[in-house]
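Colleague: Model the placement of chain B on the given structure of chain A, informed by the hints.
As a plain string of letters, each chain reads:
Number of protein chains: 2
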Amino acid sequence: MAYRATFRCFQGCDGSWPVTQPIYTCPTCGGLLEVVHDLAALAERTGPQWTKLFDERYKLNKWPYGSGVWGKREWVMPEIPDDDIVSMYEGSTNLFWAERYGQELGLSDLWVKLCGNSHSGSFKDLGMTVLVSVVRSAVRRGLQVKAVACASTGDTSAALAAYGAAAGLPIVVLLPRGKISTAQLVQPLAHGALVLGLDTDFDGCMAIVKRLAQENIVYLANSMNPLRIEGQKTVGIEVVQQFEWEVPDWIILPSGNLGNASALYAGFKMMRELGVISRFPRLVVAQAENANPLYRAWQAGKREVEPIVAKQTQATAIQIGNPVSAPRAVRALEAMNGLVEQASEQELADAAARADRTGMYTCPHTAVGLAVLEKLVSNGTIGSRDRTVCISTANGLKFTEFKVAYHESAIAGVTSNLKNPPVLLPPDFGQVVDAIGKRFD
Amino acid sequence: MAYRATFRCFQGCDGSWPVTQPIYTCPTCGGLLEVVHDLAALAERTGPQWTKLFDERYKLNKWPYGSGVWGKREWVMPEIPDDDIVSMYEGSTNLFWAERYGQELGLSDLWVKLCGNSHSGSFKDLGMTVLVSVVRSAVRRGLQVKAVACASTGDTSAALAAYGAAAGLPIVVLLPRGKISTAQLVQPLAHGALVLGLDTDFDGCMAIVKRLAQENIVYLANSMNPLRIEGQKTVGIEVVQQFEWEVPDWIILPSGNLGNASALYAGFKMMRELGVISRFPRLVVAQAENANPLYRAWQAGKREVEPIVAKQTQATAIQIGNPVSAPRAVRALEAMNGLVEQASEQELADAAARADRTGMYTCPHTAVGLAVLEKLVSNGTIGSRDRTVCISTANGLKFTEFKVAYHESAIAGVTSNLKNPPVLLPPDFGQVVDAIGKRFD
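Keeping their order, the protein sequence lines are chains A and B.
Residues in the first sequence are numbered from 1 upward in steps of one, following the numbering used here.
Residues in the second sequence are numbered from 1 upward in steps of one, following the numbering used here.
For the record, the hints were derived by calculation from the structure and aren't laboratory data.
One or more hints might be untrue.
Any copy will do: because identical chains look the same in the list, a pair fits if it lies in one copy or spans two.
Stated by the list, open to error - In silico lysine-lysine, DSS-like type, Cα no more than 30 Å apart, as pairs:
| no. | residue 1 | residue 2 |
| --- | --- | --- |
| 1 | K438 | K146 |
| 2 | K375 | K52 |
| 3 | K438 | K210 |
| 4 | K269 | K59 |
| 5 | K375 | K210 |
| 6 | K146 | K52 |
| 7 | K375 | K302 |
| 8 | K62 | K269 |
| 9 | K438 | K419 |
| 10 | K59 | K438 |
Just chain A, same shape as in the assembly (with noise of 0.2 Å):
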């Protein structure tokens, strides 16, 4: 069975173009494009067959079943050869049972989505598998490009300059110089990418790497490109078939661009639509305070949201004041009755710390999203029963300086109240005992 993909243009535009042209904006309106599939094709399976199929793939080490992404393949980017995929085997990340964290909070059935354990540290990788192996796809039957390039704040650039070496593709990324963590810094440096520091923002450096796409000097592998978002869609379907094809109540998610709630209902909309599932949870986007156009536009009634200049935040990752992706999100945030809510500094290094104390090791978007579940259940919004998905979007791992920063008590503005500094001792056995008596005596 032949399966079909296309560009075509969000807001309906007429037109279609094939999956490898590098095209990333109507040339009618000059608006986002999207990923369009052959849902009739698709639905001459019925939902129980796709599950079955999906399912006996799941973990399967036959290349490429052992990528969560890849094992959706038909649904994902279903003309792809084998040959071309680049994959890390990403997706089939825990869906951790968040038990002693859910207790506190009087869940008894809050999970969290732990994207952040991947090949390179976060949910990127979802997408950048369905880019890279389209781009090399395309490269093999004759597109030119110079390099593949993307603006980031971090995780992007690391997860592209990962896949582009495992395929030999050259990469350039743009990164706004000393806004973000070292460990984000070294990952495209060690995978060989050519690293351009600029002296400005993630606005400022991604305003260079379109006109660099329209110039057609490089490919575009921010999420203007839509591609991504057809890996990162089955974030949501593989937590839908890890509750063995039962739909939560509520999905939490922290965003920045916004692309990754586009993605969430992308998911949900195609498994709704081809049979597998017959309702949405409810989609909470969660922001940073101090990176909030999103949440400003909801508070208001607006559908247009307005661009900030975003102020700092430990969330480095969503530190983003005018997101590529807006439209898209509010058209999720619509048709999943959802809602948006903020976490401020304090907040957000609370609950990291907190959530730390209970197993996890939670980057500080992961915690803007646990702070915000703890707003919905102290207003009611989120009930003690409802079954609830926190989305982990990167590895604890790549932000230690934050979580030092919050031991040391060195985070500005923020008093950190649950710190567990380490006691410094000499080699001796009586000050050891001593010092263990008097914590847990």
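Modeller: Chain B alone, transformed into the frame defined by chain A:
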């Protein structure tokens, strides 16, 4: 079918003890213990019946089979009830096909088992789930412990703190102050463990924690305790499972305290005894030249490994001069027709940089393994068509300082041949275009 596992003396002295008992050495000879399974009972299932069971469980999200360790529970720790298990769905890690890196070495069948892509970022999770589950089970049945403790070069303490936090158990970790990376220190801090930074090295911390255990102040989680080997041994079983139950030709394992080398053998031995495989791979234990007590013994043809004072190495997790599990590792090497090789600081840094350029993000210990691989290919020991697996023990994200130092040419005594520093620019389009042309034209 009821299976049993008990503690017995590694050297064969009489006596057996329940795995829930806090005993760490043989009361007769003072030597190491090991977990012994009831092989006669296990052998009532055939090899194919075991592999079918393990394959069925491998994909499931049903508790506790989302864990690569507990999916093999009858071989690991058969008597722990589901409710006592503390698991973060460890295992099921990517067996990465190192296509490009293999090509550089002339190897067509090279794989890297990415154990670092785990909850706490190292293979230690595999063993810690077993130990912490046993302790929780024992505590619920009356065992009195003030805390569970370990001495650690980093990874063990991170894993113990994470699993202890998930279980709500009090945790103490002893770390050599100033000799481990910041990321490794902050992990147990974040999880709420009592972290004691002692002004000594790993071996000094180990001496103190052994005494704390002997005096029953703590339950010992170091690898003298043989429980963790039962979980760690699943890595070899999982590799074979991922090859559809075929045995590779070589397994290369970076190893310091030598517990993991013992564990690897334990898994292969069990597979052979229970009819799942009929031969062993050859085992290569890879040591850092600066911390090479096993290598020295091997070169001298001695079975006794004499302690040395380990020198400083970038591969901090294997910077061990007095390896606890030396006798077990020697037995493993003999049974698996193994050999021991070493890598210098320059060699490991080069190997890490080369591997990273092909999409991996290697910790310095994996780099020791890869550098040793390169030597064995160069000298003809490993053939170009040999199926070779290198075990990657930790997540590169834990070793940011190592990678940053490499790309800043800041590792003492090491030349950074493949450094790739960022190009710092103002946000000027023309300069960006020039930089891209300079690199890729």
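Colleague: Of all the hints given earlier, name the ones this structure violates by number, lowest first.
Modeller: Hints 2, 5, 6 and 10 contradicted; others consistent.
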